Amino acid sequence: MSNSSATAPKMEPDTLISFDGVSKWFDHFQALKDINLSVKQGERVVVCGPSGSGKSTMIRCVNQLENHQQGTIHVCGREVYGNMKQLEQVRREVGMVFQSFNLFPHMSILQNVTLAPIRNSKLSRAEANEIALHYLERVQIADQADKFPSQLSGGQQQRVAIARALAMKPRVMLFDEPTSALDPEMITEVLDVMTELASDGMTMMVVTHEMGFAREVADRVVFMDEGRIEENCTKDEFFTGGRGERAEAFLSKILQH
Amino acid sequence: MTEPPLQTRRRLTTVDYICFGLVGVVIAYAIYRVSDVLVYNWNWSRVFNFVIYYDEETARYVPNLLLEGIATTLRLAFWATIVAATIGLVMGYMRTSKNLAMRMISRCYVELVRNIPPVVFIFIFYFFLSGQLMPLIGIDDIDKNGAFVSSSLFYVMFGDPRLFSNFVAGALCLALFEGAYITEIVRAGIQSITKGQWEAARAVGLSPLNVLRDIIFPQAIRKILPPLAGQFITLIKDSAIVSLISIQELTFLATEVASTTTKVFETWIIVGAMYFVLCYSFATLFGHLEKRAMRTRR
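Protein chains in written order, with this note's numbering: chain F, 389 to 645; chain B, 50 to 347.
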């Protein structure tokens, strides 16, 4: 705590996530190299780059599903590192959506969404159900509340995962390639939910290859390559040519089809 | 309209007849050896009386030593399974822990048990348990005439109160022994849960205890129930070794019956059949339950 309050004043008051000189290694492979990045309240940041460029690793460092070994990361004014109690607090303010949904298969849709509010915020089952149904309504899947994850399509499961993350009323939402595991016809329903979330002012950090989504929703685009942030610019700069060679090469590859 | 082709009924092939024939020859030879060459006076009823006998005075059938033995075997298996499952759950979790000391303790336990012959393990442990631990927790001094101890419920659960400390020692030995195998089953169950489940549970801010309680264990338990049921049956069979430390279960009493009646073959054939019926019934029951669980699983 004392550590975080010592470094916190450096941050601008409306900064929710800040990376300062963050590096990470998997054994001898350096996955992140001196990452500096900040995300302000209400900002929508899209992170893109070739596979293996470290974009998932970076976003997973925010809620410490991966630990960094150098530098500091602050989330909502707290430094994230080690201390389990503090980390749980941070995770409750940061929602995360995974590529492979990761719903809890042994629980109904409703239970998936109510689990965290009941355990973390000590809400009664009735209160939690009310909140859960509200968010399930928002992702338009409330009618499936009593089913189990395996009975839903991929797109529906991912929308439930979004509702599950929202139920903790997070200040930031992280999306780690949320549409990569989906069949093409289901991508839109998930992107629509994310777009709506963005228009409600949610702070979002999204790792994705969906450049259409980036164009429509992003404030800023971060381009990563080989563990480095190569570009960090506004959406307009990024899409109207103010980008470097590597980003150019990457974009031309994924926009071909 | 396409109909599936008619299944031709599976018939016995020549190979089957040859196999049956061979088995038949072996059995016939065995019978010949036993009846003609081996001079042995078979007397089944004498041993059967030790399973159950007809009491003329009360005009009732009364269970005798061997049936009491199988009851003790069942009690042993029941309590040992409960203790072993508890040990296995804790140790199994420790096997997957990030903490080195926890991993080392549980690993040592498993390797120690798995690399010492069960009989040797039980001898070592029994002398330590009965010599040190039992007096320490005061099990030797239970009031044999206390209300609960002399009740029939106590008898059903633990058997004869006079043999209670002996029984507890036997059950604990078995539990410590089987616990190592359950530890490995639990470890495999926990490790079969995908990384994504841990991450999703942590990402919503659950505490480590809640991650285990709500997400990991419920899913792991479903996967380990079938091997756990199998381990219970193995435990029934393994319980025979505690006869060596004078726990009065089926095998121990069988040795006594065999020596008093001198009908060694009959006794052990009957005892073997009793174990078989017991274990096979449990195996059938668990198989049935498993099938039913599969059908209702979502």
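Hint data in this document are derived by calculation from the structure and do not stem from the laboratory.
A quick note: this is a predicted structure, and the numbers were derived from the prediction, not measured.
Beta carbons: idealized from backbone N, C-alpha and C, even for Gly.
It cannot be assumed that every hint is accurate.
A short, non-exhaustive set of chain F residues, derived as facing chain B with CB atoms under 10 Å [to be verified]:
#1 P438
#2 V485
#3 F489
#4 F492
#5 M556
#6 R559
#7 K641
#8 I642
Listed next, with one range per pair, are the computed distances between beta-carbon atoms [said to hold, decoys possible]:
#9 B:L274 <-> F:E515: 32 to 42 Å
#10 B:L149 <-> F:Q429: 15 to 25 Å
#11 F:G409 <-> B:F177: 51 to 61 Å
#12 B:L61 <-> F:D531: 50 to 60 Å
#13 F:Q457 <-> B:M151: 42 to 52 Å
#14 F:K557 <-> B:F177: 48 to 58 Å
#15 F:E633 <-> B:P275: 50 to 60 Å
#16 B:T243 <-> F:E584: 43 to 53 Å
#17 F:P572 <-> B:A237: 48 to 58 Å
Now for the hints, and whether the structure bears them out:
1. Among the interface hints, the one on P438 (chain F) is violated; its C-beta lies about 23 Å from the nearest C-beta in chain B, farther than the 10 Å criterion.
2. Residue-level restraint check for V485 (chain F) holds (minimum Cβ-Cβ distance to chain B is 9 Å; threshold 10 Å).
3. Taken as an interface hint, F489 (chain F) checks out: its beta carbon lies about 8 Å from the nearest beta carbon of chain B, inside 10 Å.
4. Annotation: interface hint on F492 (chain F) holds; nearest CB of chain B at approximately 6 Å, less than 10 Å.
5. Taken as an interface hint, M556 (chain F) checks out: its beta carbon lies about 6 Å from the nearest beta carbon of chain B, inside 10 Å.
6. Below 10 Å, beta-carbon pairs count as interface contacts, and R559 (chain F) has none with chain B, the closest being about 13 Å; its hint is therefore violated.
7. About 28 Å separates the beta-carbon of K641 (chain F) from the nearest beta-carbon of chain B, more than 10 Å, and the hint is not met.
8. A cut of 10 Å between beta carbons decides the hint on I642 (chain F): the least distance to chain B is about 25 Å, and the hint is violated.
9. Between L274 (chain B) and E515 (chain F) the beta carbon distance is about 34 Å. The supplied range of 32 to 42 Å therefore holds.
10. Evaluation of the 15 to 25 Å hint for L149 (chain B) and Q429 (chain F) yields a failure: the beta carbon distance comes to about 41 Å.
11. Distance hint check for G409 (chain F) and F177 (chain B): the Cβ-Cβ separation is about 57 Å, which falls inside the suggested range of 51 to 61 Å.
12. Between L61 (chain B) and D531 (chain F) the C-beta distance comes to about 56 Å, which sits within the given range of 50 to 60 Å.
13. Between Q457 (chain F) and M151 (chain B) the beta carbon distance is about 24 Å. The supplied range of 42 to 52 Å is therefore violated.
14. Checked against the given bound of 48 to 58 Å, the beta carbons of K557 (chain F) and F177 (chain B), roughly 56 Å apart, stay inside it.
15. Distance hint for E633 (chain F) and P275 (chain B): a CB-CB separation of about 57 Å, consistent with the stated range 50 to 60 Å.
16. At about 30 Å, the beta-carbon gap between T243 (chain B) and E584 (chain F) misses the expected band of 43 to 53 Å.
17. Between P572 (chain F) and A237 (chain B) the Cβ separation comes to about 37 Å, which falls outside the hinted range of 48 to 58 Å.
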